[in-house]
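Colleague: Given next are the chains, with one letter for each unit.
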Amino acid sequence: MANESERTEHTTSDDESFANLMKLAGERPEISLSVESRVYHQVQQEWKRTTVEPSVEKVYEKVHRTWRREALRGRILRWLVPAGIAASAVIAMMVVSQPELPAAQVAGTISRVVGADSLKSEHPEGSSVHAGEIISTGPGEGVSLLLARNESLRIDENTQLRIDAADQFSLLGGRIYADTGQFVYREGGLKIETAFGLVTDVGTQFSVAMRDDTLDVAVREGRVDVQNDSDRYAARMGERLTLTAGEGGTIAVLDTHDDYWNWVAELTPAFDMTNKSLLDFLKWAARETGRDLQFESDESRMFAMRTDVHGSVDGLTPEEALEAILATTSVRYQIADDKIVIAD
Amino acid sequence: MKDRSLAAKVAAGDQVAFDAFFKEYFPRLFRFTLTRVDNNEELAEEIVQRTMCIVVRKMGSFRGEALLFTWLCQICRNETNAVFRQRKIEMREDVPIEDHPGVQAALESAAADDGRPESAVRREEIANFVRVTLEHLPSKYAKALELKYVQGCSVKEIAATLNVGEKAAESILTRSRVAFKERFRAIWDIEPNFIVD
Numbered sequence: 117m118a119n120e121s122e123r124t125e126h127t128t129s130d131d132e133s134f135a136n137l138m139k140l141a142g143e144r145p146e147i148s149l150s151v152e153s154r155v156y157h158q159v160q161q162e163w164k165r166t167t168v169e170p171s172v173e174k175v176y177e178k179v180h181r182t183w184r185r186e187a188l189r190g191r192i193l194r195w196l197v198p199a200g201i202a203a204s205a206v207i208a209m210m211v212v213s214q215p216e217l218p219a220a221q222v223a224g225t226i227s228r229v230v231g232a233d234s235l236k237s238e239h240p241e242g243s244s245v246h247a248g249e250i251i252s253t254g255p256g257e258g259v260s261l262l263l264a265r266n267e268s269l270r271i272d273e274n275t276q277l278r279i280d281a282a283d284q285f286s287l288l289g290g291r292i293y294a295d296t297g298q299f300v301y302r303e304g305g306l307k308i309e310t311a312f313g314l315v316t317d318v319g320t321q322f323s324v325a326m327r328d329d330t331l332d333v334a335v336r337e338g339r340v341d342v343q344n345d346s347d348r349y350a351a352r353m354g355e356r357l358t359l360t361a362g363e364g365g366t367i368a369v370l371d372t373h374d375d376y377w378n379w380v381a382e383l384t385p386a387f388d389m390t391n392k393s394l395l396d397f398l399k400w401a402a403r404e405t406g407r408d409l410q411f412e413s414d415e416s417r418m419f420a421m422r423t424d425v426h427g428s429v430d431g432l433t434p435e436e437a438l439e440a441i442l443a444t445t446s447v448r449y450q451i452a453d454d455k456i457v458i459a460d
Numbered sequence: 327m328k329d330r331s332l333a334a335k336v337a338a339g340d341q342v343a344f345d346a347f348f349k350e351y352f353p354r355l356f357r358f359t360l361t362r363v364d365n366n367e368e369l370a371e372e373i374v375q376r377t378m379c380i381v382v383r384k385m386g387s388f389r390g391e392a393l394l395f396t397w398l399c400q401i402c403r404n405e406t407n408a409v410f411r412q413r414k415i416e417m418r419e420d421v422p423i424e425d426h427p428g429v430q431a432a433l434e435s436a437a438a439d440d441g442r443p444e445s446a447v448r449r450e451e452i453a454n455f456v457r458v459t460l461e462h463l464p465s466k467y468a469k470a471l472e473l474k475y476v477q478g479c480s481v482k483e484i485a486a487t488l489n490v491g492e493k494a495a496e497s498i499l500t501r502s503r504v505a506f507k508e509r510f511r512a513i514w515d516i517e518p519n520f521i522v523d
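These protein sequence lines map, in sequence, to chains A and U.
Numbers given in the working numbering equal positions in the first sequence, counted from 1, plus 116.
Numbers given in the working numbering equal positions in the second sequence, counted from 1, plus 326.
There's no promise every hint is true.
As the list claims (entries may be wrong) - Calculated pairs, DSS-like style, for lysine-lysine (alpha carbon to alpha carbon, straight line, at most 30 Å):
1) K307/A <-> K399/A
2) K392/A <-> K384/U
3) K328/U <-> K164/A
4) K328/U <-> K392/A
5) K139/A <-> K392/A
6) K392/A <-> K466/U
7) K469/U <-> K493/U
If you are wondering where the hints come from, they were derived from the structure by calculation, not from laboratory data.
Values in this document were obtained by computation on a predicted structure and should not be read as measured data.
With the sequences and hints as input, model every part of the structure.
Modeller: Right under this line is the structure:
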């Protein structure tokens with residue numbers, strides 16, 4: 117007990133010393149927004165002038181080479197593994213009667229479910245999904261998955277998606293949307309197997325829809341490839357590639373903020389506000405709505421950078437969240453077709 | 327984000343990383359510089375801008391041997407000297423004081439508030455020691471200490487300001503105190519409680 121009391125006294129005295137020291141320093145000086153914005157502007161210009169942006173094409177080719185190697189390895193394994201398994205099975209049957217199955221690989225977690233209670237109880241939010249599972253949605257239903265590497269995969273109504281691995285899926289029918297982030301800073305993308313060929317991305321926002329005899333690949337950011345035995349297609353930001361059985365592919369223009377993407381908003385994973393600035397939030401809202409973010413002045417950008425966001429926007433679409441959050445700040449915003457403009 | 331990873335991303339042209347870098351380091355570097363230019367904001371702005379422009383040019387060469395902020399401070403010291411030379415401003419010998427041989431004596435005499443003008447000067451120097459040390463901490467730690475000890479906020483208020491739970495706020499405060507003492511010791515080669523006991 118004596119030791120405990122000594123320790124308490126020591127801690128109190130230590131804390132008082134500490135408090136005195138801090139009080140001596142006083143409050144740290146506020147930095148004016150205009151100073152900060154001027155320095156930001158100059159440093160950013162210098163940074164842009166001296167930084168060589170990664171070449172999108174070079175990064176893409178590098179990623180694609182890796183995939184080709186993996187695909188070749190996969191083809192070899194497709195022949196070797198069954199042969200190996202067959203041989204092992206014969207041996208195993210001779211040794212043990214019931215071989216143990218490996219645990220299924222966790223591919224991600226359910227982040228949002230829209231629709232019937234039966235779907236919600238089958239896939240409760242926060243639960244894991246595993247390789248081998250098939251997720252099916254009916255009319256008016258949707259499921260949002262959070263994959264490893266923080267990638268978002270959203271499953272539209274009337275869709276069947278099989279999870280083959282953490283980064284590999286088979287779209288059996290319906291429509292999905294993926295947001296896999298800034299591809300120049302990633303090692304590889306998702307692979308979506310369809311009846312029309314393999315859809316691969318190098319980090320982007322895109323949707324894949326398969327209905328009857330048509331495959332639709334729409335790209336909101338980055339680039340997506342579709343490859344089958346006979347052809348190879350590529351769709352870039354603002355394009356919609358349509359493959360029709362027996363007719364080949366056509367490419368049409370599709371705005372990144374077109375109504376075509378509206379279904380995605382309802383399945384957007386909630387923005388995590390922990391330690392996030394208003395700027396982080398605005399960038400998220402702009403990305404989720406397929407728009408550029410523009411500031412009318414350096415001061416408004418600095419304000420967004422300095423201001424922390426609090427609370428929750430759970431259950432709101434990105435546009436609703438934008439309205440709710442900005443209503444609590446001194447900045448104004450305007451949505452003008454392809455951009456969100458922030459003003460003082 | 328770790329310093330090295332942040333530097334690599336900035337050097338690679340990642341705008342998000344650049345903003346994170348600026349947000350974390352500009353205020354700390356600016357306040358660090360203010361303590362060295364008698365709170366002259368115009369001089370501090372010029373020096374910090376020069377420093378950060380050099381740093382973003384050299385970011386690709388940052389290998390993480392020292393903390394990113396330590397590296398920034400080193401360049402900032404050089405730029406401060408350069409600006410002072412260009413403007414023919416005489417360098418003060420008593421502040422900044424990392425290399426001051428009599429730092430310990432200054433701290434001792436400053437601890438006694440005897441009303442003498444030289445003691446007041448020493449107290450201001452110590453206040454600068456503390457401010458400089460605070461800027462060497464991650465901004466969240468410095469903010470937590472300021473809220474608790476200068477503004478007298480409760481843990482609940484600190485939690486709300488830092489946008490974390492109360493337990494997390496307590497944990498941040500504990501880590502902040504430890505980090506402050508470690509940094510103070512490392513920079514000034516003296517125990518922080520020695521100067522106010």
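Colleague: Check whether the Cα positions of K392/A and K466/U lie no farther apart than 30 Å.
Modeller: holds (12 Å)
Colleague: Can you confirm whether the C-alpha distance between K328/U and K164/A stays at or below 30 Å?
Modeller: holds (22 Å)
Colleague: Below or equal to 30 Å on CA atoms is what counts here, so check K328/U against K392/A.
Modeller: Holds: K328/U and K392/A sit about 17 Å apart, inside 30 Å.
Colleague: Going straight from one Cα to the other, do K469/U and K493/U come out at no more than 30 Å?
Modeller: holds (17 Å)
Colleague: Measure nothing beyond the straight line between the CA atoms of K392/A and K384/U; if it is 30 Å or shorter, mark the hint as holding.
Modeller: holds (28 Å)
Colleague: Would you check the hint for K139/A and K392/A, treating anything up to 30 Å between C-alpha atoms as holding?
Modeller: holds (29 Å)
Colleague: Below or equal to 30 Å on CA atoms is what counts here, so check K307/A against K399/A.
Modeller: With Cα atoms ~26 Å apart, K307/A and K399/A stay inside 30 Å; holds.
Comparing the model with each numbered hint stated earlier shows that all of them hold.
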